[in-house]
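Trainee: Take these sequences, add in the hints, and give me the full structure.
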Amino acid sequence: MHIFANPNRFLGIARPLTPWLGWGGAVLTAIALLSGLFLTPPEQLQGESVRIMYVHVPSAWLGMGGWTGIAVASLMQLVWRHPLAAVAARAVALPGALFTAICLVTGSIWGRPTWGTWWEWDGRLTSMLVLLFLYIAYIALAGATADRAGGSRVAAIFGLVGAINIPIIKYSVDWWNTLHQTASITLTKNTIDPSILWPLPIALIGFSMLFGGIVLMRMRALLAEARIEARLKRMADA
Amino acid sequence: MNHWPFIIAAYAITIAGLAGLTLASYAAMRRAEARADAVRKSR
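Protein chains in written order, with my numbering: chain A, 1 to 238; chain B, 1 to 43.
Treat the hints with caution; some may be incorrect.
Unchecked claim - Pairs of lysine to any residue residues, derived as SDA-like cross-links and limited to a Cα-Cα distance of at most 20 Å, are as follows:
no., chain 1, residue 1, chain 2, residue 2
1, B, Lys41, A, Lys189
2, B, Lys41, A, Glu225
3, A, Lys233, B, Tyr11
4, A, Lys233, B, Asp37
5, A, Lys189, A, Tyr171
6, A, Lys189, A, Asp174
7, A, Lys170, A, Pro201
8, A, Lys170, A, Ala226
9, B, Lys41, A, Arg231
10, B, Lys41, A, Met235
11, A, Lys170, A, Phe133
12, A, Lys170, A, Ser208
13, A, Lys170, A, Val57
14, B, Lys41, A, Arg234
15, A, Lys233, B, Arg40
16, A, Lys170, A, Thr186
17, B, Lys41, A, Gly123
18, B, Lys41, A, Glu229
19, A, Lys233, B, Glu33
20, B, Lys41, A, Leu232
21, A, Lys233, B, Lys41
22, A, Lys170, A, Trp121
23, B, Lys41, A, Ala236
24, A, Lys233, B, Val39
25, B, Lys41, A, Arg227
26, B, Lys41, A, Ala226
27, A, Lys189, A, Leu204
No lab work stands behind these hints, which were simulated from the structure alone.
Model, not experiment: these values are computed from the prediction.
Mentor: So, in structure tokens, the structure goes:
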């Protein structure tokens, strides 16, 4: 990671990578969503509403992955004082919040025909809602306490402490007897029929590439704004 | 119950959210990099 400590070196990689992630992610996402809509069969119990899984599950994974990224970047900022760590954490926050919100909304839409309710205060749904509130608080805190490129220690500590919610989300369906089903896919088991499952990995890769592309774009914007501020300050001092 | 209105709503919200944030991030990046270039050239 320290090879990216020089922003110019980072930009040399980020500039060509951004369109690849953006367009590649858009194409894979389109393939996955169209396949999910038209090429997979309805599920035996859920019926047609199982198709919402192709947008809900990748959003949930990226909402949690986004905060994990913030926590790792915060650790790098606090321990190693990596110059790009705070920029990366700030860039991840908004797409992370968006994916968390999409997960909550699409889950609620799926819940109405499947469970008969839009919302239930169960462990998984509530801990995911807490994650959205954490993202909103982080965005406000980082925006209020950081200069453009410099990091905010308060936001970094908040990013680390907030990571405690990630295992709570993950294990909420095991710790509490909730309406939300337990994990269908783990490292050792899969309870989804392959005829329904196959578009899901494509959606996960597509969504992840889009997420990466958005993060790179936001990092490039933050770094450009930092260059403007530094240049204007030097001109004012001269 | 017909599930398709729920499916269409879920997909529409997801696509609108992703497209909106992608375009907004792209516009913000282009604007900031153009300003940075302009400031650098105005030395």
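Trainee: All the hints need checking, so say for each whether the structure fits it.
Mentor: Hint-by-hint comparison with the structure:
Between the alpha carbons of Lys41 of chain B and Lys189 of chain A the distance comes to roughly 58 Å, so the proposed pair goes past 20 Å and is violated. A threshold of 20 Å between alpha carbons decides the hint, and for Lys41 of chain B with Glu225 of chain A the separation of about 15 Å falls inside it, so the pair holds. About 46 Å separates the Cα atoms of Lys233 of chain A and Tyr11 of chain B, which puts this hinted pair outside 20 Å; it is violated. Note on Lys233 of chain A and Asp37 of chain B: the hinted pairing holds, with a Cα-Cα distance of about 16 Å set against a maximum of 20 Å.
Our distance criterion of 20 Å between C-alpha atoms is met by Lys189 of chain A and Tyr171 of chain A, whose separation comes to about 16 Å. For the suggested pair Lys189 of chain A and Asp174 of chain A, the alpha carbons sit about 15 Å apart, so the restraint of at most 20 Å is met. Note on Lys170 of chain A and Pro201 of chain A: the hinted pairing holds, with a Cα-Cα distance of about 19 Å set against a maximum of 20 Å. Distance check on the hinted pair: Lys170 of chain A and Ala226 of chain A sit about 37 Å apart at the alpha-carbon level, beyond 20 Å; violated.
Between Lys41 of chain B and Arg231 of chain A the CA atoms are separated by roughly 11 Å; this keeps the pair inside 20 Å, and the hint holds. Of the pairs offered as hints, the one joining Lys41 of chain B and Met235 of chain A holds, with about 12 Å between alpha carbons and a cut-off of 20 Å not exceeded. As the CA atoms of Lys170 of chain A and Phe133 of chain A are separated by approximately 17 Å, the hinted pair is consistent with the 20 Å bound. About 19 Å separates the Cα atoms of Lys170 of chain A and Ser208 of chain A, which keeps this hinted pair within 20 Å; it holds.
Our distance criterion of 20 Å between C-alpha atoms is met by Lys170 of chain A and Val57 of chain A, whose separation comes to about 13 Å. Pair hint Lys41 of chain B plus Arg234 of chain A holds up; C-alpha atoms about 14 Å apart against a cutoff of 20 Å. The suggested pairing of Lys233 of chain A with Arg40 of chain B holds, with an alpha-carbon distance near 12 Å, which does not exceed 20 Å. For the hint linking Lys170 of chain A to Thr186 of chain A, the alpha-carbon distance of about 11 Å falls within 20 Å, and the restraint holds.
Our distance criterion of 20 Å between C-alpha atoms is broken by Lys41 of chain B and Gly123 of chain A, whose separation comes to about 55 Å. Our distance criterion of 20 Å between C-alpha atoms is met by Lys41 of chain B and Glu229 of chain A, whose separation comes to about 15 Å. Distance restraint check for Lys233 of chain A and Glu33 of chain B: the Cα-Cα separation of roughly 17 Å lies within the 20 Å cut-off, and the hinted pair is therefore satisfied. A C-alpha spacing of about 12 Å is found between Lys41 of chain B and Leu232 of chain A, which places the hinted pair at or below 20 Å, so the restraint holds.
Between the alpha carbons of Lys233 of chain A and Lys41 of chain B the distance comes to roughly 15 Å, so the proposed pair stays at or under 20 Å and holds. As the CA atoms of Lys170 of chain A and Trp121 of chain A are separated by approximately 16 Å, the hinted pair is consistent with the 20 Å bound. For the hint linking Lys41 of chain B to Ala236 of chain A, the alpha-carbon distance of about 16 Å falls within 20 Å, and the restraint holds. A distance of roughly 11 Å separates the Cα atoms of Lys233 of chain A and Val39 of chain B; the hinted pair therefore holds under the 20 Å criterion.
Between Lys41 of chain B and Arg227 of chain A the alpha-carbon distance is near 13 Å, which keeps this suggested pair within the 20 Å criterion. Under the criterion of a C-alpha separation no larger than 20 Å, the hint pairing Lys41 of chain B with Ala226 of chain A is consistent with the structure, at around 16 Å. Our distance criterion of 20 Å between C-alpha atoms is met by Lys189 of chain A and Leu204 of chain A, whose separation comes to about 18 Å.
Checked against the numbered hints given earlier, this structure breaks hints 1, 3, 8 and 17; the rest are met.
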